[in-house]
Amino acid sequence: MMTVSLIQTALELGLFGALTVLALYLSYTMLNVCDLSTDGCFTMGATVGAVVAISGHPFLSIPAAMAAGMASGFIVALLQTSMGIDSLLSGIIVNTAWYSVNIAVMGNASLLNMNKTDTVFTRLKDALGETVISDSYRLLIALAAVVLVVAFLSFFLKTRLGLAIRATGDNPDMVRSSSINPAFTTIVGLCIANAFTALSGCLMAQSQKSVNIDIGSGMVTIALASLLIGRVIVRKGGITKGAVGAVLGAIIFRLVYTVALRFNMPAYMLKLVSSVIVIIAISGPYFRGRIPLYMKRMGRRKDNA
Amino acid sequence: MLEINNISKTFNPGTVNAKLALEGLSLKVNDGDFITIIGANGAGKSTLFNAIAGSFYVDEGSIALDGEDITYVPEHIRARSIGRLFQDPMRGTAPGMSIEENLTLAAGKGGWLSRIDDELRQQFREVLSKLDMGLEERLRQPMGLLSGGQRQAVTLLMATINPPKLLLLDEHTAALDPAAADKILEITKDTVKKENLTCMMITHNMQSALEIGNRTLMMDGGRIILDVSGEERRAMTVGDLLERFRDISGRALDNDRMILT
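So the sequences go chain by chain: V and G.
Residue numbering for the first sequence follows this note's numbering, beginning at 1 and increasing consecutively.
Residue numbering for the second sequence follows this note's numbering, beginning at 306 and increasing consecutively.
Chain V on its own, in the form it takes in the complex:
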């Protein structure tokens, strides 16, 4: 039997992860950039957020993590727009570099403990006290963050700057002929997306009261899997619907994963499963498009026989 607490945990993890999925919704779906620095940026959000919180600034830790993510996104964008480095390679390079930087941020450690650290989570827990919802403080913060980010995206992507970012993924030629530099829109888009990725890492780490250097590994594939699941659920509709679909995808991914764990799937299978989902989600439509070709080939073979 699935217990309520298991579902709640899946919801929390789904919502924290949804922030990264929303980041990819901006960079992958809108800007058409597959940002492979996501893992490193997620970890950077976690480490920076943890270090700032441990030094006694629970509230400052969140904007600090987001600013670090923004800087990370800026560098990835700069490499691909102004330094002649391929978009995928830019992400991989930055991702690798952040491994060292993240260990340095944690003060030459690969693990930081936040058991006694004052964070937004402990603050809310204390504030709620012994009320009925005292147990759902993590869920409340995750929900608040996701709602804020969805609201921001559905506003922002309809502004002129947001339109320009969407057009950059759709037709960069058209952006240029509208007198807008696609390099600029790419930089802005990746800065915002990575701020959300870092926020995701920061909140995830603070909610589980520890951060280790591997916290972000595989995040890009997990988030991509969630994003593609979301796209299957919400096929049509505007920006807001798409963002809600991304969040739903993240939650469903975690729920399915939780169920699989109950059926004795080992926890280490998470990343294999997410990879398989991404493969199916991307190759599925490709093969579906080729079905007529396969049919024709089969027919040809029969004729020849």
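It is worth saying that the hints were derived from the structure and are not from the lab.
Just so it is clear, the structure is predicted and the values come from calculations on it, not from any experiment.
By construction, the Cβ of each residue, glycine as well, lies at the ideal position given by its N, Cα and C atoms.
Please note that the accuracy of each hint is not assured.
[Said to hold, decoys possible] The calculated label-pair distances, taken between Cβ atoms and stated as ranges, are:
1. V:Arg288 with G:Arg445: 52 to 58 Å
2. V:Arg301 with G:Gln512: 49 to 55 Å
3. G:Arg556 with V:Ile280: 54 to 60 Å
Following the hints, put chain G in place on chain V, whose structure we already have.
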């Protein structure tokens, strides 16, 4: 208004594929000129437009627009004063975004964080209704749902919504069916006349090259080999044009899309 001074461009320099696409080309375009450009395949017509619009920087020479040297000005900055249409109707618009969103980007009004409001929508409806395609009722539909002719009409609208100093048309009706091509050409002529635009148009239709506009250029081998206007042009027939080409280049004009009548 546009002064091109001795520009050259070689693609793939230093390799076996090196191609001298523009060779010491000079051209002076006057205010209000409507120039038609013809030439064989690979004559450098589109390359000339790419050089003017800034898709690449020329190896030698200079380009000035309204007295301002734009030789090394990036493409997106030049786009403020140069509008451009391509043969492929897909190139000018973002297919996944709605008509009003495409027009908003082209109009470029308001701050970065401004949103589409009713005033802007009303303005778009007005300009779209002039196309007489019923697009004013489809503001929120994705651009990708429109036909090639409709997309090209909206692209023309986008290129001229802020009247550019110079409009470059690169066979912009060639990919359309004859009826749509005629319609787009009519809209083009109307717009150019109404906004008093300076315009350069590449065409493969020799007849319309002589009929439309006030001046005709013929290109070959990255150079302008013929530049006719005024009385000389009025008296010219398609046959004269072909003959002149043979005389100058020493071979027959060869363009697989050329329409002679």
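Here's how the hints hold up against the structure:
1. V:Arg288 with G:Arg445: 52 to 58 Å: Check failed, 29 Å falls outside 52 to 58 Å.
2. V:Arg301 with G:Gln512: 49 to 55 Å: holds (52 Å)
3. G:Arg556 with V:Ile280: 54 to 60 Å: About 57 Å separates the Cβ atoms of Arg556 of chain G and Ile280 of chain V, which means 54 to 60 Å holds.
In summary, the one numbered hint that this structure violates is 1.
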